[in-house]
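**Student:** Protein chains in written order, with the numbering used here: chain E, 1 to 194; chain Z, 1 to 293.
Derived by calculation from the structure, the hints in this document are not laboratory data. Note that this is a predicted model, so its numbers are computed, not measured. Hints may contain errors.
Said to hold, decoys possible - Within a straight-line C-alpha distance of at most 30 Å, the following computed DSSO-like cross-link-like pairs (lysine-lysine) qualify:
id : chain 1 : residue 1 : chain 2 : residue 2
1  : E       : 89        : E       : 161
2  : Z       : 219       : Z       : 242
3  : Z       : 72        : E       : 150
4  : E       : 144       : E       : 89
5  : E       : 89        : Z       : 140
6  : E       : 179       : E       : 144
7  : E       : 161       : Z       : 120
8  : Z       : 147       : Z       : 3
9  : E       : 170       : E       : 150
10 : Z       : 107       : Z       : 120
11 : Z       : 140       : Z       : 242
12 : E       : 161       : Z       : 4
13 : Z       : 118       : E       : 172
14 : Z       : 147       : E       : 89
15 : Z       : 147       : Z       : 219
16 : E       : 190       : E       : 150
17 : E       : 190       : Z       : 103
18 : Z       : 219       : E       : 20
19 : E       : 172       : Z       : 242
20 : E       : 172       : Z       : 114
21 : E       : 172       : Z       : 141
22 : Z       : 290       : Z       : 242
23 : Z       : 290       : Z       : 273
24 : E       : 157       : Z       : 290
25 : E       : 179       : Z       : 72
26 : Z       : 141       : Z       : 114
27 : E       : 161       : Z       : 290
28 : Z       : 120       : E       : 179
29 : Z       : 118       : Z       : 4
30 : Z       : 242       : E       : 170
31 : Z       : 141       : Z       : 290
32 : Z       : 147       : E       : 20
Claimed, not checked - Example chain Z residues on the side facing chain E (calculated, C-beta under 8 Å, incomplete):
id : residue
33 : 16
34 : 20
35 : 31
36 : 32
37 : 38
38 : 45
39 : 65
40 : 99
Glycine included, C-beta positions come from ideal geometry on N, C-alpha and C.
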Amino acid sequence: MKKKKMIISQETMDIDFVRKVEALADTSVRRCFQCGKCSAGCPMATFMEHPPNRVVRLLQLGQWRRVLEGRSIWYCASCETCSTRCPNKVHLASIMDALRKLSWDAHGPSKEGYVQLANKLFLQNIRTYGRQYEMRLAAVFNVKSGQFLKDLMLGPKLIAKGKLKMFHSKNKNLPEIEKIFTRIAEIRAKGEAL
Amino acid sequence: MNKKLNYSYYPGCSLHASASEYDLSTRELFKTLNIGLTEVPDWFCCGATPAHNVDELLSLSLCAKNLELADKVEGDLAVACAACFSRLKFTQHTLEENMTKRKQVEKAIDAPLKLDGKVKHLLDILARDLGLERLAAAVKKPLSGLKVACYYGCLLTRPPDVPNLDCAEAPTIMEQVVEAAGAETVAWTHRLECCGANFTLSRPGVVIQLTNAILESAKDAGADCIMVGCPLCHGNLDIRQKEIEGVYKADYNLPVFYLTQLVGLSVGLGADKLGLDAMIVNPLPLLKEKGLL
Numbered sequence: 001m002k003k004k005k006m007i008i009s010q011e012t013m014d015i016d017f018v019r020k021v022e023a024l025a026d027t028s029v030r031r032c033f034q035c036g037k038c039s040a041g042c043p044m045a046t047f048m049e050h051p052p053n054r055v056v057r058l059l060q061l062g063q064w065r066r067v068l069e070g071r072s073i074w075y076c077a078s079c080e081t082c083s084t085r086c087p088n089k090v091h092l093a094s095i096m097d098a099l100r101k102l103s104w105d106a107h108g109p110s111k112e113g114y115v116q117l118a119n120k121l122f123l124q125n126i127r128t129y130g131r132q133y134e135m136r137l138a139a140v141f142n143v144k145s146g147q148f149l150k151d152l153m154l155g156p157k158l159i160a161k162g163k164l165k166m167f168h169s170k171n172k173n174l175p176e177i178e179k180i181f182t183r184i185a186e187i188r189a190k191g192e193a194l
Numbered sequence: 001m002n003k004k005l006n007y008s009y010y011p012g013c014s015l016h017a018s019a020s021e022y023d024l025s026t027r028e029l030f031k032t033l034n035i036g037l038t039e040v041p042d043w044f045c046c047g048a049t050p051a052h053n054v055d056e057l058l059s060l061s062l063c064a065k066n067l068e069l070a071d072k073v074e075g076d077l078a079v080a081c082a083a084c085f086s087r088l089k090f091t092q093h094t095l096e097e098n099m100t101k102r103k104q105v106e107k108a109i110d111a112p113l114k115l116d117g118k119v120k121h122l123l124d125i126l127a128r129d130l131g132l133e134r135l136a137a138a139v140k141k142p143l144s145g146l147k148v149a150c151y152y153g154c155l156l157t158r159p160p161d162v163p164n165l166d167c168a169e170a171p172t173i174m175e176q177v178v179e180a181a182g183a184e185t186v187a188w189t190h191r192l193e194c195c196g197a198n199f200t201l202s203r204p205g206v207v208i209q210l211t212n213a214i215l216e217s218a219k220d221a222g223a224d225c226i227m228v229g230c231p232l233c234h235g236n237l238d239i240r241q242k243e244i245e246g247v248y249k250a251d252y253n254l255p256v257f258y259l260t261q262l263v264g265l266s267v268g269l270g271a272d273k274l275g276l277d278a279m280i281v282n283p284l285p286l287l288k289e290k291g292l293l
């Protein structure tokens, strides 16, 4: 990625994309002056190919495809350290959310399938059961990601300690939750939501 | 005579499963302190990190609906989980400031928004509503000689303008609460560093690396144990501790307590009412050595 030649011209500076991110994240992308405090404090920067400050710089330069194609946005842990320390009040954690959403909507080109699978299963659990059941989440994740033996040793220990519930009660608000999901889909289809 | 404190209660998904000891010790502690706690009926998941990670509107709507459910129960909303606390506060903050998002959420939940209710983390209730003096007065068995590393993690204090629990970069509320219970606290470097939280499912390798640094820092500072207010932090520090010791050839043996377990111990609650047997790193040898059990 890093070695790919970057061409910057007026044509490549996609201000519309920046505006979309700014509206979704409710913060400014353009205000960043590259002090680097976000990346200095980021616990995940070592795992990213573009540390947080560079993500913002790439956006400013219209190079958002590089960002969405990479793994950086999927390695952000949403710990909010960057937003806390930014001297310009750029809410970088929200920018990361906005980028993930845009990548997600476009059935993202990112290679970080495991993180996306975990998110997807988590949301499905809310829709189906109303709450999270960690055992189901972990079991389905392992099956779908093909890692049948992952954390296998933890399972029996957690069940013995009463930490993984085998059964769960029905939530009376399930129809209400379903309506929230469908209404959001409708609002989106009409183009009335970000 | 002070009026009895009463709260509505949002435990969050983890407290009904992997963090059942946090739920149990919270209920028992509040009963002992004569604080009323009524669980919000049929509350549902706040969406946590995965929802806002990919769909902020969904996250805001789920939280807004839960706030509406909580509004029907008397009292401010008591929240135990740091992640639920952060999402509920973030929702209130965002919907009060951003009218575009507010209108969309109103459409999504098809109900008027109830944003005025106060959302409080248990720490806030113990340190401010009950007050440190009254908390200290309720202590029967001070946690003398127990050196505690208070671990805040990410979501209790950040970002600075949202949870308003304490200073985002140098909070002291956990230390104040556990010192009121008679314990000593240690100064350490990693109390605000991220444990990797929900990557525990998708990227355990990342969690192991980050959590190891936290355990190492607590051990180096001379702590006997760690205290947390978040079930995700607890899962990573406690459940994965053995695995981490194996990977890094280290010997930490640091029991990880929920704040309600340590405070509960100091007000005289027994091991069975604090769910100490549910902890993976066995705390009993330490507590016996310190004469606390």
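**Student:** Work down the list of hints and note, for each, if the structure agrees.
**Tutor:** Evaluated hints:
1. Between residue 89/E and residue 161/E, the direct Cα distance comes to roughly 44 Å. Violation of the 30 Å bound is thereby established for this hinted pair.
2. At most 30 Å may separate the alpha-carbon atoms for a hinted pair to count; residue 219/Z and residue 242/Z meet this at roughly 15 Å.
3. Distance restraint check for residue 72/Z and residue 150/E: the Cα-Cα separation of roughly 42 Å exceeds the 30 Å cut-off, and the hinted pair is therefore not satisfied.
4. Distance check on the hinted pair: residue 144/E and residue 89/E sit about 40 Å apart at the alpha-carbon level, beyond 30 Å; violated.
5. The suggested pairing of residue 89/E with residue 140/Z is violated, with an alpha-carbon distance near 46 Å, which exceeds 30 Å.
6. Proposed proximity of residue 179/E and residue 144/E is supported: the alpha carbons are some 27 Å apart, at most 30 Å.
7. For the hint linking residue 161/E to residue 120/Z, the alpha-carbon distance of about 29 Å falls within 30 Å, and the restraint holds.
8. A distance of roughly 34 Å separates the Cα atoms of residue 147/Z and residue 3/Z; the hinted pair therefore is violated under the 30 Å criterion.
9. Using a Cα cut-off of 30 Å, the hinted pair residue 170/E and residue 150/E holds, with the two alpha carbons roughly 29 Å apart.
10. Annotation: proposed proximity of residue 107/Z to residue 120/Z holds, straight-line Cα distance about 27 Å (limit 30 Å).
11. Proximity of residue 140/Z to residue 242/Z is assessed by CA-CA distance (about 33 Å); at most 30 Å being required, the pair is judged violated.
12. Under the criterion of a C-alpha separation no larger than 30 Å, the hint pairing residue 161/E with residue 4/Z is inconsistent with the structure, at around 35 Å.
13. Only pairs whose Cα atoms come within 30 Å are accepted, and residue 118/Z paired with residue 172/E is accepted, the gap being roughly 25 Å.
14. A hinted pair counts as satisfied when its Cα atoms are at most 30 Å apart, and residue 147/Z with residue 89/E does not qualify at roughly 37 Å.
15. For the hint pairing residue 147/Z with residue 219/Z, the CA-to-CA distance comes to about 11 Å; that is within 30 Å, so the pair holds.
16. Between residue 190/E and residue 150/E the alpha-carbon distance is near 42 Å, which puts this suggested pair outside the 30 Å criterion.
17. A C-alpha spacing of about 15 Å is found between residue 190/E and residue 103/Z, which places the hinted pair at or below 30 Å, so the restraint holds.
18. For a cut-off of 30 Å, the pair hint linking residue 219/Z to residue 20/E is broken: about 46 Å separates their Cα positions.
19. Taking the CA atoms of residue 172/E and residue 242/Z, the gap is near 39 Å; set against the 30 Å cutoff, the hint is violated.
20. With a C-alpha separation of about 20 Å, the suggested pairing of residue 172/E with residue 114/Z holds against the 30 Å cut-off.
21. Taken as a hint, the residue 172/E and residue 141/Z pair is broken in the structure, with Cα atoms around 42 Å apart against an allowance of 30 Å.
22. Restraint check: the Cα-Cα separation between residue 290/Z and residue 242/Z comes to about 23 Å, which is no more than 30 Å; the hinted pair holds.
23. At roughly 19 Å between alpha-carbon atoms, residue 290/Z and residue 273/Z fall within 30 Å of each other, so this suggested pair holds.
24. Between the alpha carbons of residue 157/E and residue 290/Z the distance comes to roughly 27 Å, so the proposed pair stays at or under 30 Å and holds.
25. A C-alpha spacing of about 20 Å is found between residue 179/E and residue 72/Z, which places the hinted pair at or below 30 Å, so the restraint holds.
26. The suggested pairing of residue 141/Z with residue 114/Z is violated, with an alpha-carbon distance near 41 Å, which exceeds 30 Å.
27. The straight-line distance between the Cα atoms of residue 161/E and residue 290/Z is roughly 24 Å, inside the 30 Å bound, and the hint therefore holds.
28. Under the criterion of a C-alpha separation no larger than 30 Å, the hint pairing residue 120/Z with residue 179/E is consistent with the structure, at around 28 Å.
29. A threshold of 30 Å between alpha carbons decides the hint, and for residue 118/Z with residue 4/Z the separation of about 17 Å falls inside it, so the pair holds.
30. For the suggested pair residue 242/Z and residue 170/E, the alpha carbons sit about 35 Å apart, so the restraint of at most 30 Å is broken.
31. Taking the CA atoms of residue 141/Z and residue 290/Z, the gap is near 12 Å; set against the 30 Å cutoff, the hint holds.
32. A C-alpha spacing of about 49 Å is found between residue 147/Z and residue 20/E, which places the hinted pair above 30 Å, so the restraint is violated.
33. With 8 Å as the threshold, the beta carbon of residue 16/Z comes within range of chain E, its nearest partner Cβ sitting at about 7 Å, so the hint holds.
34. Taken as an interface hint, residue 20/Z checks out: its beta carbon lies about 6 Å from the nearest beta carbon of chain E, inside 8 Å.
35. With a cut of 8 Å, the hint placing residue 31/Z at the interface with chain E is violated, because the nearest CB-to-CB distance is about 21 Å.
36. Interface hint at residue 32/Z: violated, since its Cβ lies 22 Å from the closest Cβ of chain E, which is beyond the 8 Å cut-off.
37. Evaluation of the residue 38/Z hint against chain E yields a violated restraint, the C-beta minimum of about 16 Å exceeding 8 Å.
38. Checking residue 45/Z against chain E: minimum C-beta separation of about 5 Å stays under 8 Å; hint holds.
39. Look at residue 65/Z: its Cβ gets to within about 6 Å of chain E, closer than 8 Å, so that hint holds up.
40. Because the closest C-beta pair between residue 99/Z and chain E is about 11 Å apart, greater than 8 Å, the hint is violated.
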